[in-house]
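**Q** Chain A is already provided as a structure; the job is to place chain B on it using the hints.
Okay, here's what each chain looks like letter by letter:
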Amino acid sequence: EAQVTQNPRYLITVTGKKLTVTCSQNMNHEYMSWYRQDPGLGLRQIYYSMNVEVTDKGDVPEGYKVSRKEKRNFPLILESPSPNQTSLYFCASSLSGRGERRFSPLHFGNGTRLTVT
Amino acid sequence: DQQVKQNSPSLSVQEGRISILNCDYTNSMFDYFLWYKKYPAEGPTFLISISSIKDKNEDGRFTVFLNKSAKHLSLHIVPSQPGDSAVYFCAASARNTDKLIFGTGTRLQVFP
Chain A
900 EAQVTQNPRY
910 LITVTGKKLT
920 VTCSQNMNHE
930 YMSWYRQDPG
940 LGLRQIYYSM
950 NVEVTDKGDV
960 PEGYKVSRKE
970 KRNFPLILES
980 PSPNQTSLYF
990 CASSLSGRGE
1000 RRFSPLHFGN
1010 GTRLTVT
Chain B
63 DQQVKQNSPS
73 LSVQEGRISI
83 LNCDYTNSMF
93 DYFLWYKKYP
103 AEGPTFLISI
113 SSIKDKNEDG
123 RFTVFLNKSA
133 KHLSLHIVPS
143 QPGDSAVYFC
153 AASARNTDKL
163 IFGTGTRLQV
173 FP
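Residue numbers (our numbering), protein chains in the order written: chain A, 900 to 1016; chain B, 63 to 174.
Next comes chain B alone, as it looks inside the complex:
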């Protein structure tokens, strides 16, 4: 059973526009969420995170929103740049476990 779901396998956005990547989760015990970015032939790299005590966290062009009642988080990239083209994974962690559960990933392509 997939506890963290990214229902859009791919997304294509024009340069300068907003990219919105979505992630849904089922486990109400999750209290910390992260986004990782992965380029081809490289390992994932940490991008941004959010604790369940917040509903928004911003870092430059990247903002993560958390809607706990809907068990939904999203990553907004504004403005999108060609260098943002990568696979994005959301991940979730629960307080009483040592595990980090990853979603299936969304491939973002930003075209000129």
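Just chain A, with the same shape it has in the complex:
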């Protein structure tokens, strides 16, 4: 089954304790992205990757890191989480983010609800 898998689904942590949220897709997609969803703000892009070893900042990258060492994986790293990073996070992938292939729809994971106390 074609899917985007995020882990964990729920995570409660304390301020300053490094954490990683994993994301993996099995569709051989080039484009991957992380979003956060907050009430009244919709989905905001954190980072995205056009292909392996290529990553770029989205609209709200502060406090986050990503890496794309393999095509299928795109982990989100919070080196020193803070309470304002409490949110619902989504990983997504698509065939490509560029040119005509940017029209290919995003496939989303089921989300990771992160609480930082």
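Source of the hints: derived by calculation from the structure; they are not laboratory data. The C-beta atom is built at its ideal place from N, Cα and C for all residues, glycine as well. You may find that some hints are simply not true.
Below 27 Å or equal to it, Euclidean Cα-Cα: the simulated DSS-like pairs (lysine-lysine) are [said to hold, decoys possible]:
(1) B/118 with A/964
(2) B/67 with A/970
(3) A/956 with B/118
(4) A/970 with A/917
(5) B/118 with B/99
(6) A/968 with B/161
In silico contact screen, one side only, chain B against chain A (beta carbon under 8 Å); selected entries [what the hints assert, rightly or not]:
(7) 103
(8) 108
(9) 160
Restraint ranges, calculated between C-beta atoms of paired labels, are given here [claimed, not checked]:
(10) A/979 with B/131: 30 to 38 Å
(11) A/1012 with B/89: 40 to 48 Å
(12) A/962 with B/79: 40 to 48 Å
(13) B/88 with A/978: 17 to 25 Å
(14) B/103 with A/901: 29 to 37 Å
(15) B/131 with A/958: 24 to 32 Å
(16) B/113 with A/1012: 45 to 53 Å
(17) A/902 with B/138: 23 to 31 Å
(18) B/78 with A/976: 44 to 52 Å
(19) A/985 with B/117: 26 to 34 Å
(20) A/961 with B/88: 18 to 26 Å
(21) A/909 with B/132: 39 to 47 Å
(22) B/169 with A/901: 24 to 32 Å
**A** For chain B alone, coordinates are given in the frame of chain A:
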């Protein structure tokens, strides 16, 4: 600055009637628009899209209308069904960027 706006946070519609969800945008460079549907505890799923060269795209019960002069698009669901109850996000993409900008979402509730 919110480039894609959904001014109605929620909408309640009776089963069988039409649901109309609205979306406004400010960036005239946007040339491709999408609607996603999101159920609780799941990620958003793609619903329907429209290119700026068209003013209407239809897929079954779902139709998206684009008014470029007004920078406005709308999603019509006819007839509405209880299974359509979800949060709907509109999104926009510009030709010269790699980004997809989402709106704030509208929660649709279809009651019997």
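**Q** Hint by hint, note whether the structure agrees.
**A** Results for each hint:
In summary, the hint linking residue 118 of chain B to residue 964 of chain A is not supported, as the alpha carbons are separated by about 40 Å, beyond the 27 Å threshold. Using a Cα cut-off of 27 Å, the hinted pair residue 67 of chain B and residue 970 of chain A is violated, with the two alpha carbons roughly 33 Å apart. This hinted pair does not check out: residue 956 of chain A and residue 118 of chain B have alpha carbons roughly 33 Å apart, beyond 27 Å. With a C-alpha separation of about 24 Å, the suggested pairing of residue 970 of chain A with residue 917 of chain A holds against the 27 Å cut-off.
Distance restraint check for residue 118 of chain B and residue 99 of chain B: the Cα-Cα separation of roughly 19 Å lies within the 27 Å cut-off, and the hinted pair is therefore satisfied. Restraint check for residue 968 of chain A and residue 161 of chain B: the C-alpha separation of about 21 Å stays at or below 27 Å, so the hint holds. About 7 Å separates the beta-carbon of residue 103 of chain B from the nearest beta-carbon of chain A, less than 8 Å, and the hint is met. Hint status for residue 108 of chain B: holds, given a least beta-carbon distance of 4 Å to chain A, under 8 Å.
Taken as an interface hint, residue 160 of chain B checks out: its beta carbon lies about 4 Å from the nearest beta carbon of chain A, inside 8 Å. Against the hinted window of 30 to 38 Å, the Cβ-Cβ separation of residue 979 of chain A and residue 131 of chain B comes to about 47 Å, which falls outside the hint. At roughly 31 Å, the beta-carbon separation of residue 1012 of chain A and residue 89 of chain B lies outside the given 40 to 48 Å, and the hint is violated. Checked against the hint of 40 to 48 Å, the C-beta distance between residue 962 of chain A and residue 79 of chain B comes to roughly 44 Å, which is consistent with it.
Under the hint 17 to 25 Å, the C-beta atoms of residue 88 of chain B and residue 978 of chain A, about 34 Å apart, miss the expected range. At roughly 19 Å, the beta-carbon separation of residue 103 of chain B and residue 901 of chain A lies outside the given 29 to 37 Å, and the hint is violated. In this structure the supplied range 24 to 32 Å holds for residue 131 of chain B paired with residue 958 of chain A, their Cβ-Cβ distance being about 27 Å. Take residue 113 of chain B and residue 1012 of chain A: their Cβ atoms lie about 35 Å apart, and the range 45 to 53 Å is violated.
In this structure, residue 902 of chain A and residue 138 of chain B meet the distance hint of 23 to 31 Å, their C-beta atoms being roughly 30 Å apart. Checked against the hint of 44 to 52 Å, the pair residue 78 of chain B and residue 976 of chain A passes, with Cβ atoms roughly 48 Å apart. Separation of residue 985 of chain A from residue 117 of chain B is about 41 Å and departs from the stated range, judged on CB atoms against 26 to 34 Å. Between residue 961 of chain A and residue 88 of chain B the CB atoms are about 24 Å apart, so this pair conforms to the stated range of 18 to 26 Å.
Checked against the given bound of 39 to 47 Å, the beta carbons of residue 909 of chain A and residue 132 of chain B, roughly 42 Å apart, stay inside it. For residue 169 of chain B paired with residue 901 of chain A, a C-beta distance near 28 Å keeps the hint of 24 to 32 Å intact.
Checked against the numbered hints given earlier, the structure breaks hints 1, 2, 3, 10, 11, 13, 14, 16, 19 and satisfies all the rest.
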